[in-house]
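Undergrad: What follows is the residue order along each chain.
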Amino acid sequence: AQKVTQAQTEISVVEKEDVTLDCVYETRDTTYYLFWYKQPPSGELVFLIRRNSFDEQNEISGRYSWNFQKSTSSFNFTITASQVVDSAVYFCALMNNNAGNMLTFGGGTRLMVKP
Amino acid sequence: DGGITQSPKYLFRKEGQNVTLSCEQNLNHDAMYWYRQDPGQGLRLIYYSQIVNDFQKGDIAEGYSVSREKKESFPLTVTSAQKNPTAFYLCASSAHQGLAGVNEQFFGPGTRLTVL
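If you're matching them up, the sequences are chains Y and S in order.
Letter 115 of the first sequence, counting from 1, is numbered 115 in my numbering, and no numbers are missing.
Letter 48 of the second sequence, counting from 1, is numbered 48 in my numbering, and no numbers are missing.
To be clear, the hints were calculated from the coordinates, so they are not data collected in a lab.
Just so we're clear, the structure is a prediction, and the values are computed from it rather than from any experiment.
Take the hints with a grain of salt, since some may be wrong.
As the list claims (entries may be wrong) - Heads up, simulated DSBU-like pairs for lysine-lysine below, C-alpha to C-alpha not over 35 Å straight-line:
1) Lys-70/S <-> Lys-38/Y
2) Lys-83/S <-> Lys-16/Y
3) Lys-70/S <-> Lys-16/Y
4) Lys-14/S <-> Lys-71/S
5) Lys-3/Y <-> Lys-114/Y
6) Lys-57/S <-> Lys-38/Y
7) Lys-9/S <-> Lys-3/Y
8) Lys-70/Y <-> Lys-114/Y
9) Lys-83/S <-> Lys-114/Y
10) Lys-57/S <-> Lys-70/Y
11) Lys-16/Y <-> Lys-9/S
12) Lys-83/S <-> Lys-57/S
13) Lys-114/Y <-> Lys-70/S
14) Lys-3/Y <-> Lys-71/S
15) Lys-3/Y <-> Lys-16/Y
16) Lys-38/Y <-> Lys-3/Y
17) Lys-9/S <-> Lys-38/Y
18) Lys-71/S <-> Lys-114/Y
19) Lys-3/Y <-> Lys-70/Y
20) Lys-16/Y <-> Lys-38/Y
21) Lys-14/S <-> Lys-70/S
22) Lys-57/S <-> Lys-3/Y
23) Lys-70/Y <-> Lys-38/Y
24) Lys-114/Y <-> Lys-16/Y
25) Lys-57/S <-> Lys-14/S
26) Lys-38/Y <-> Lys-71/S
27) Lys-83/S <-> Lys-70/S
28) Lys-14/S <-> Lys-83/S
29) Lys-83/S <-> Lys-71/S
30) Lys-114/Y <-> Lys-38/Y
31) Lys-71/S <-> Lys-9/S
32) Lys-9/S <-> Lys-57/S
33) Lys-71/S <-> Lys-57/S
34) Lys-57/S <-> Lys-70/S
35) Lys-9/S <-> Lys-83/S
36) Lys-70/S <-> Lys-9/S
37) Lys-16/Y <-> Lys-70/Y
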């Protein structure tokens, strides 16, 4: 069985602060994929990133960065210099290689960025 | 523009009625999925289809039915057997899993169903 845990249900920050969203996963498979999605108030999930289990390099995309650590089964997401438009619910998800593209989602973290 | 459309955006249903949610994609994706999202919670898989004329139950299929007669369409019927159908429903699609590994899912805008 696989599981994704996002322990932070809600985070509130003031604009320009940095914020890290935690994601911890459980899986018995050696090959797997991790994802982050953003769900703005409109409701549609927006794909942010995909990483496979063999690539532990951290990734940076503009103000977004991701820290993948297999030793702690974590895939944390950091937003630098947060903006009001970053306010959304963020989901971490896990997919195994043989799962037919099926995702297991965490419970989500609601991020509120105040001006 | 390529993408996934869901209709209607808001849907109201009386208890005891069946209702069908539409999901259409023009991304030429083989796989399609239906998720349910309850307030403050993550997404749970209802049904998925990897290919036309074939579909599988997800984690919470009871009270729901689907069909996949065309590649681009995957409608979801919420039946009267579903005990608590009020929720936000999201449809997604993905390209077929190939040698390069898995593919991310792309999501539609969702349908908010309320049972009166």
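Undergrad: Now look at each hint and say whether the structure bears it out.
TA: Quick rundown of the hints versus the structure:
1. Lys-70/S <-> Lys-38/Y: The given pair, whose Cα atoms are some 29 Å apart, holds under the 35 Å limit.
2. Lys-83/S <-> Lys-16/Y: violated, 45 Å
3. Lys-70/S <-> Lys-16/Y: Outside the cut-off at roughly 47 Å; violated.
4. Lys-14/S <-> Lys-71/S: holds, 31 Å
5. Lys-3/Y <-> Lys-114/Y: The hint holds at about 31 Å.
6. Lys-57/S <-> Lys-38/Y: holds, 26 Å
7. Lys-9/S <-> Lys-3/Y: holds, 30 Å
8. Lys-70/Y <-> Lys-114/Y: With Cα atoms ~33 Å apart, Lys-70/Y and Lys-114/Y stay inside 35 Å; holds.
9. Lys-83/S <-> Lys-114/Y: violated, 38 Å
10. Lys-57/S <-> Lys-70/Y: holds, 31 Å
11. Lys-16/Y <-> Lys-9/S: With a Cα-Cα distance of about 34 Å, the restraint between Lys-16/Y and Lys-9/S holds, given a limit of 35 Å.
12. Lys-83/S <-> Lys-57/S: At roughly 17 Å apart (the allowed maximum being 35 Å), Lys-57/S and Lys-83/S satisfy the hint.
13. Lys-114/Y <-> Lys-70/S: violated, 45 Å
14. Lys-3/Y <-> Lys-71/S: With Cα atoms ~30 Å apart, Lys-3/Y and Lys-71/S stay inside 35 Å; holds.
15. Lys-3/Y <-> Lys-16/Y: holds, 32 Å
16. Lys-38/Y <-> Lys-3/Y: holds, 19 Å
17. Lys-9/S <-> Lys-38/Y: Satisfied, since the Cα-Cα distance of roughly 19 Å is no more than 35 Å.
18. Lys-71/S <-> Lys-114/Y: violated, 43 Å
19. Lys-3/Y <-> Lys-70/Y: holds, 15 Å
20. Lys-16/Y <-> Lys-38/Y: With Cα atoms ~19 Å apart, Lys-16/Y and Lys-38/Y stay inside 35 Å; holds.
21. Lys-14/S <-> Lys-70/S: holds, 29 Å
22. Lys-57/S <-> Lys-3/Y: holds, 19 Å
23. Lys-70/Y <-> Lys-38/Y: Answer holds: Lys-70/Y to Lys-38/Y is near 23 Å, not above 35 Å.
24. Lys-114/Y <-> Lys-16/Y: Answer holds: Lys-114/Y to Lys-16/Y is near 9 Å, not above 35 Å.
25. Lys-57/S <-> Lys-14/S: holds, 25 Å
26. Lys-38/Y <-> Lys-71/S: holds, 27 Å
27. Lys-83/S <-> Lys-70/S: Holds: Lys-83/S and Lys-70/S sit about 29 Å apart, inside 35 Å.
28. Lys-14/S <-> Lys-83/S: holds, 12 Å
29. Lys-83/S <-> Lys-71/S: Roughly 30 Å separates the two Cα atoms, so the pair holds.
30. Lys-114/Y <-> Lys-38/Y: The given pair, whose Cα atoms are some 18 Å apart, holds under the 35 Å limit.
31. Lys-71/S <-> Lys-9/S: holds, 22 Å
32. Lys-9/S <-> Lys-57/S: holds, 24 Å
33. Lys-71/S <-> Lys-57/S: Distance of about 18 Å is within 35 Å: holds.
34. Lys-57/S <-> Lys-70/S: Given that 35 Å is the threshold and the Cα spacing comes to 18 Å, the pair holds.
35. Lys-9/S <-> Lys-83/S: holds, 22 Å
36. Lys-70/S <-> Lys-9/S: holds, 22 Å
37. Lys-16/Y <-> Lys-70/Y: holds, 30 Å
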